[in-house]
Structure formats: structure tokens, C-alpha cells
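S.K.: The sequence shown begins at 222 in our numbering and counts up one residue at a time.
Hint data in this document are derived by calculation from the structure and do not stem from the laboratory.
The beta-carbon is built from N, C-alpha and C at its ideal position, and this holds for glycine as well.
One thing to keep in mind: the hints can contain errors.
[Claimed, not checked] Within a straight-line C-alpha distance of at most 35 Å, the following computed DSBU-like cross-link-like pairs (lysine-lysine) qualify:
{"no.": "1", "residue 1": "K225", "residue 2": "K317"}
{"no.": "2", "residue 1": "K317", "residue 2": "K292"}
{"no.": "3", "residue 1": "K305", "residue 2": "K225"}
{"no.": "4", "residue 1": "K299", "residue 2": "K310"}
{"no.": "5", "residue 1": "K225", "residue 2": "K310"}
{"no.": "6", "residue 1": "K299", "residue 2": "K317"}
{"no.": "7", "residue 1": "K253", "residue 2": "K297"}
{"no.": "8", "residue 1": "K305", "residue 2": "K317"}
{"no.": "9", "residue 1": "K225", "residue 2": "K299"}
{"no.": "10", "residue 1": "K253", "residue 2": "K310"}
{"no.": "11", "residue 1": "K253", "residue 2": "K225"}
{"no.": "12", "residue 1": "K317", "residue 2": "K253"}
{"no.": "13", "residue 1": "K253", "residue 2": "K292"}
{"no.": "14", "residue 1": "K253", "residue 2": "K299"}
[As the list claims (entries may be wrong)] Label pairs and their computed distance ranges (CB to CB):
{"no.": "15", "residue 1": "S233", "residue 2": "D282", "range": "28 to 38 Å"}
{"no.": "16", "residue 1": "I375", "residue 2": "E283", "range": "43 to 53 Å"}
{"no.": "17", "residue 1": "I375", "residue 2": "K297", "range": "22 to 32 Å"}
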Amino acid sequence: MINKILVAVDRSESNPIVFDSALALAQAINAKLMLLHVISEDEPGYPVLPTYISYPYPILDERDYEVYQEKLEEYKQKGIDFLKSLTEKATEAGVKTEYTQLCGNPGRKICELADTWGADLIVVGSRGLKGLKEMFLGSVSNYVTHHAPCSVLIVRRPVDNQSDKDSRRANQKKAAAINA
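Whole structure, please, built from the sequences with the hints as guidance.
M.R.: Below, the structure is given as C-alpha cells:
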């Protein structure tokens with residue numbers, strides 16, 4: 222039975238689909254949600270630490286480091302505000318919800334929290350990376366699928382452009398012809 226659902230969220234355009242899917246499932250089975258946002262350097266919008274590389278070794282000015290720290294704190298606060306807004310939405314829908322924000326490798330942090338919190342299900346999104354992009358950029362959903370201590374639900378974003386739809390239909394026709 223699924224009582225605790227860990228939902229990995231971010232501020233990407235596919236996140237509403239992930240959150241809404243997890244919320245609908247939690248409502249249907251009367252489960253509790255844990256919303257998790259993992260801050261990582263790979264996330265879009267993460268502040269960049271400025272260094273001066275014209276010297277034999279990179280240096281960092283103290284003021285630049287202070288500015289970086291300020292931007293990082295702002296970035297973290299935006300993540301907390303984002304989690305609070307989703308928690309309010311879930312609570313208004315009648316679902317018991319809590320949230321946390323961690324820093325580090327998203328796949329590892331998701332699996333670690335699922336284990337320590339005792340999640341029965343992890344809901345995670347997929348950017349749809351394939352081939353070399355997946356190999357070099359990594360795939361959080363792939364990592365979680367192979368290392369999670371519980372079941373994993375991967376929510377894919379809907380196909381939005383016509384060429385992808387046409388390609389999918391062509392592949393389905395080929396598969397049907399092979400199976401016939």
C-alpha cells in the first residue's frame with residue numbers, strides 16, 4: 222500500500238505535470254506527500270562563482286565571493302518559496318504535505334531521502350534525454366530508477382511538437398507491422 226509519496230520537484234516547465242500527477246494520486250489513495258527540491262550546480266539559474274583566470278592560478282576577490290553568497294542565498298530562498306507555494310496548493314486540496322530542500326546530486330539526494338523518510342513511492346519527472354546527452358548530462362530519473370529503495374513513477378512531459386508526434390506514430394505503425 223502506498224502511504225508516503227516523495228515528489229522530486231524543480232522549477233522547470235515540466236514540473237507542474239509532475240506535481241499535479243503526484244497530487245492527484247495522493248488524493249485518490251489518501252497518501253501523504255513530501256516535496257523535495259534539490260539544489261545543484263547543474264540546475265538552470267544556479268549562481269556562478271566568478272574567478273579571474275588571467276593569473277597562473279584562478280583567484281577570487283572577497284567582494285565577488287560575498288556577491289556570490291548573496292545570490293546563492295536568494296536562489297535558495299526562491300526554492301523554499303516555491304516549495305511553500307506547492308505545499309499550500311496540496312494542503313488546500315486536502316493532502317497532508319511537507320517539504321524540504323537539499324543541496325547536492327539530485328539523484329542521490331532523492332534516493333537518500335526516500336530511504337530515511339520511508340517513502341513508498343517516488344514521483345520524478347523526465348526531461349527525455351537520450352543517447353549522448355543522457356550519458357554526458359546524466360539522467361536523474363534513470364539514476365533514481367536504478368537506486369531507489371521503493372517504487373518509482375516517472376512522469377513524462379507531453380509531446381508538444383508535431384514532428385515528435387509524427388515520429389511516435391511512425392514507430393507505432395512499424396511496431397504493429399512487426400508484431401502482425
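S.K.: Run every hint past the structure and note whether it holds.
M.R.: To see whether the hints hold, each was checked on the structure:
For the hint pairing K225 with K317, the CA-to-CA distance comes to about 10 Å; that is within 35 Å, so the pair holds. Between K317 and K292 the CA atoms are separated by roughly 32 Å; this keeps the pair inside 35 Å, and the hint holds. The hinted pair formed by K305 and K225 meets the criterion: a straight-line CA distance of about 19 Å does not exceed 35 Å. Under the criterion of a C-alpha separation no larger than 35 Å, the hint pairing K299 with K310 is consistent with the structure, at around 17 Å.
Restraint check for K225 and K310: satisfied, since their Cα atoms lie roughly 18 Å apart, inside the 35 Å limit. For the proposed pair K299 and K317, the alpha carbon gap of about 22 Å is at most 35 Å, so the pair holds. The suggested pairing of K253 with K297 holds, with an alpha-carbon distance near 24 Å, which does not exceed 35 Å. Annotation: proposed proximity of K305 to K317 holds, straight-line Cα distance about 13 Å (limit 35 Å).
For the hint pairing K225 with K299, the CA-to-CA distance comes to about 25 Å; that is within 35 Å, so the pair holds. Simply put, K253 and K310 have alpha-carbon atoms about 14 Å apart, close enough for the 35 Å limit, and the pair holds. Between the alpha carbons of K253 and K225 the distance comes to roughly 5 Å, so the proposed pair stays at or under 35 Å and holds. Taking the CA atoms of K317 and K253, the gap is near 5 Å; set against the 35 Å cutoff, the hint holds.
Note on K253 and K292: the hinted pairing holds, with a Cα-Cα distance of about 33 Å set against a maximum of 35 Å. A distance of roughly 24 Å separates the Cα atoms of K253 and K299; the hinted pair therefore holds under the 35 Å criterion. With their beta carbons about 33 Å apart, S233 and D282 fall inside the hinted range of 28 to 38 Å. Range check, I375 to E283: Cβ separation about 44 Å, and the 43 to 53 Å hint holds.
Range check, I375 to K297: about 27 Å between beta-carbon atoms, so the 22 to 32 Å window is met.
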